[in-house]
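**Q** The residues making up each chain are set out below.
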Amino acid sequence: MEVLVVLVVHAAVAWLVLAPLRPGHSGAAEAEESAEHAELEALKEAKYREIRDADLDHRTGKLSDADYGTLNRELRAEAMELLRRLDELEAVRGARAEAGVRAEEAPAEAAEPAPAASAEPAHAARVRDDDARRA
Amino acid sequence: MLTAGKFLLVLALVLSAYGIVASVAGARTANRALVDSGRRAVYGLALTLVAAFAILEAAFLRSDFSFSLVATHSSTTTPVFYRATAIWSSQEGSLLLWATLLSLWSSGVLFVTRRRVREIAPYATAVLCGFATFFVALLVFMESPFQGLSAVPAEGVGLNPLLRHPSMMIHPPMLYSGYTLFAVPFAFAVGALITRRLNADWIRTTRPFTLAAWFFLGIGIVLGARWSYTELGWGGYWAWDPVENASLMPWLTGTAFLHSVMIQEKRGMLKVWNASLVLATGVLAILGTFLVRSGILESIHAFGASTLGVPFLTLIGVMILASVYLVVSRAPDLRSDSRLDSFASREAMFLLNNLVLVAMCVIVFWGTFFPLISEAITGEKASVGPPWFDRAIVPAALLLVLLTGIGPAIAWRRATVANLRRQLTAPVLVALAVLVFVVAIGATKPTSMLLFVFAGFSLGVVAQEFVRGVRARRAMAPESVPVALVSLVRRNRRRYGGYVVHVGMIVLFVGIAASSAFQKSSDTDLRPGQSVNVGGYQLTYEQPTSAVVAASNGRLERIDLGATLRVRRDGKDVETLVTKRSYFPSMDPTLGPISRFFEGEATSEVGLRAGLLRDVWTVISPSLSGLRGRIEEGDKVFEGPGAKLDEAQRQAFLAQALTGLADSYRRNPPPATFRTIVSPMVTWIWLGAIIVFLGGLITIWPAPRASQRMVTAGYAARVARELGRA
Amino acid sequence: MDPSRKRTIRLVVALSAAVLLASALIYTSFTASTEARSPSQLLAGAVPGKSYELTGKVAEGSWVKRGAVNVFSVRDREGHKSVPITYSGQVPDPFREGREVVVTVTKQGDRWVGEKDSLVTKCPSKFQTEAPKT
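So the sequence lines, in the order shown, correspond to chains W, F and R. Letter by letter, the first sequence follows residues 1 to 135 in my numbering. Letter by letter, the second sequence follows residues 1001 to 1726 in my numbering. Letter by letter, the third sequence follows residues 2001 to 2134 in my numbering.
Among the hints, erroneous ones may be present.
[Said to hold, decoys possible] Here are the computed distance ranges between Cβ atoms for each label pair: (1) R:K2050 x F:R1339: 34 to 44 Å; (2) R:W2063 x F:T1590: 12 to 22 Å; (3) F:R1609 x R:R2066: 22 to 32 Å; (4) R:S2040 x F:T1540: 21 to 31 Å; (5) R:S2040 x F:Q1147: 36 to 46 Å; (6) F:S1066 x R:T2031: 31 to 41 Å; (7) R:R2099 x F:A1643: 50 to 60 Å; (8) R:R2066 x F:E1632: 15 to 25 Å; (9) F:L1432 x R:V2019: 29 to 39 Å; (10) F:T1540 x R:R2066: 52 to 62 Å; (11) R:V2019 x F:N1199: 26 to 36 Å; (12) R:W2063 x F:S1329: 27 to 37 Å; (13) F:Q1530 x R:V2019: 53 to 63 Å.
[Said to hold, decoys possible] Mimicking EDC-like on lysine to aspartate or glutamate, the simulated pairs with C-alpha atoms at most 16 Å apart in a straight line are: (14) R:K2122 x F:D1241; (15) R:K2122 x F:E1244; (16) R:K2006 x F:D1525; (17) R:K2116 x F:D1523; (18) R:K2065 x F:D1525.
None of these hints come from the bench; they were simulated from the model. Just so it is clear, CB atoms sit at the ideal spot from N, CA and C, and this is done for glycine as well.
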């Protein structure tokens, strides 16, 4: 019984720990992308929180109009930049899906990049939409 | 299973050492596979330690006395719940629990961040594995939980009856969870400093763990205080004992850190401060773990002077040196993005809050280590007692309560007079109302009065925040007040959860102030029928009580001697309180079988009437002088003719003798000493703590996330619309 | 006043406040502290009326309860010199002869009086000192 427990644990642990070192372990490129995606998502959430905080501070009188104006513009610009980077990432993923490397759930629209000019107001609108959706 | 346990610990040691090497090597050579392997080593470590812990736990539950630990900390008469939790009443078991919890939280944070902060994570993994290696090495080489006994005893020594209280058994796991969780932000801070990635990302990522650490450590501290109040025959909840202080210090710096990171996130300031604070918190957490088991300070908690002093001090020394080196060498990367504009600003108030909390930590540290400090300076070991601590902490606590109100109300950057007037008028009025009330009910102590006034002010600020927030919400969306309140809190969990925590802390402070300043107590001897007057209550010793209690397996567990007291106020009956003292037998074979019961451990059962306004607390200390004669006679009987009896007969006679003793106590009760305490608003302390933890839960609860699909759909719709227009 | 001068002033004020508070802390702790003594040290020389923190073991056979007053002796950890203490108030739950205790005492006349609620009994690390019976 004792021997069995010890062997089982040793075997499980050895398999777990040495798996990444075996050749043919899952693609690094996808892992990188998914990492960057998670990172950007988290930054986006944090940015949205900051925008909401600033809004509440302004409404309850803790941020002057001038300060709020500047801060709000800054934060929204940063949020839009994040959205743009997320889109870029999604475009790459979409392209890869089309190439058939892996079945992804990226919608086809993402593969057609919208013209740069209309991307700006679209991003700003998305920031507003995302914000409202958190009600 | 002893060998299995030993093998598993060695495996754990190998894994944690491998984790360090693989993570650092992988980071330096940009080898993702190695880094992944290092991270998985932590998962494997958790698996291994949980298995080892399970083996030990199983041994306790089935009372396997071939395990030395089980034989010395449990017995067949110990109830199942306490058998399960007796593991961590021992040095070895508690170290194993510490290591297991560390490995579990480490696995958690590394899993959650497996795709985030990828440059920092490997170094954080190495640090966490470093801690694990230290603790597992202690378990393998110095304090093994898997020591065996060659001669297996028939009965174990049993759990110290003082520990037989649910609070007491949950208290260590809560504390250890707090300490081990603080290792997480420590490790990530070190990683961030090493890699010079010093924006707020690592703070954001580890925030849930920092909050959880603060949360669990806080629960552990409050449970300890509550146990002290309801179980010990002393009547207090905090003694400024070195071990109590050791758990408070990292909690104070942790609280400071949770506040100052908000400044870093908002204005990019205080980076050096934050890094230093989180590193200090990690050091204090290890220091706390060390103090309990070191024996270097006189404390009620000491596990006993042990050989672990040198390894722990070495670890602490290494942590301090490394922290100082990292912060100093990375100072250019830690420069602030902005400066403090005005003293009348939220940034300044948060900084002041931090300074007060750190000052409190310094005070507690100084007082705790004073015996060693004074010995180093004057050659004499001297110590400071609770009065010194109280006197030193009170001004800081007052300032803290005041800041709890000013902080949320004041504007960022620079507050104008108009701004201050708008924010502070209503709370100041509340404070004045409280002042009038307090004077009217006849309170005269200035520090208490000041606390109540500041508390009124700060509670007024919180109420105002909620009111204004709901109003702002309703201006944005047509919602009823309750719905607006809920959505306000949901969308701003951090802020409003924080406000709830503030409310809880204020209630807690008010409870502490009232119960210590206005307490009445007395120690008196009473015969049945006699009364004592304390704090407006009259307590009458009604009847003696006694009982002989056997465990579920038939073995005699203890003898109880107690009393019932009738409590009256203004002539009217209020309650009947029951208090008793339980005597557990010693295992010393040189003592007679009956006197053994009165030479072992004794615990008190407190008679407590807890109310919202007042607690009536009483505990009995029975006099055994009347029973001495019978006890000695009984012992002689067992020595002489009783020696020829077999085990079952001995037990039967012992039961009879003890029952006779109990009966005679009831028939001829000698006067007993009663300690009675009437303290106002003690319940507010526990209520305040509960509110704090509810607020903590609100803050920790993950916010709802808009799903990716929705975002893409929104964008797609937008793009379609734009394209359609173009 | 230009900003950097303002900052310097703030820094000076803050540091001065810190120094003042630290001095207050240090001063009060040294004046309010009680020196630790073992029983033999106490018997060797003690100032009447001054408080000392006595550490040692409760001498076997010395504990007598007289109503609400407890009388016991504290002896050296390794040794036999002991000091008889009069302690009014209840002793803590773990209090036992042979256990290590810490108590604040003052010499009044030729008696040693223990300060109320200052008695701390060390929780034994093991339930008992002997190996369990087989």
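**Q** Any hints from earlier that this structure breaks? Give me their numbers in increasing order, please.
**A** 1, 4, 6, 7, 10, 12, 16
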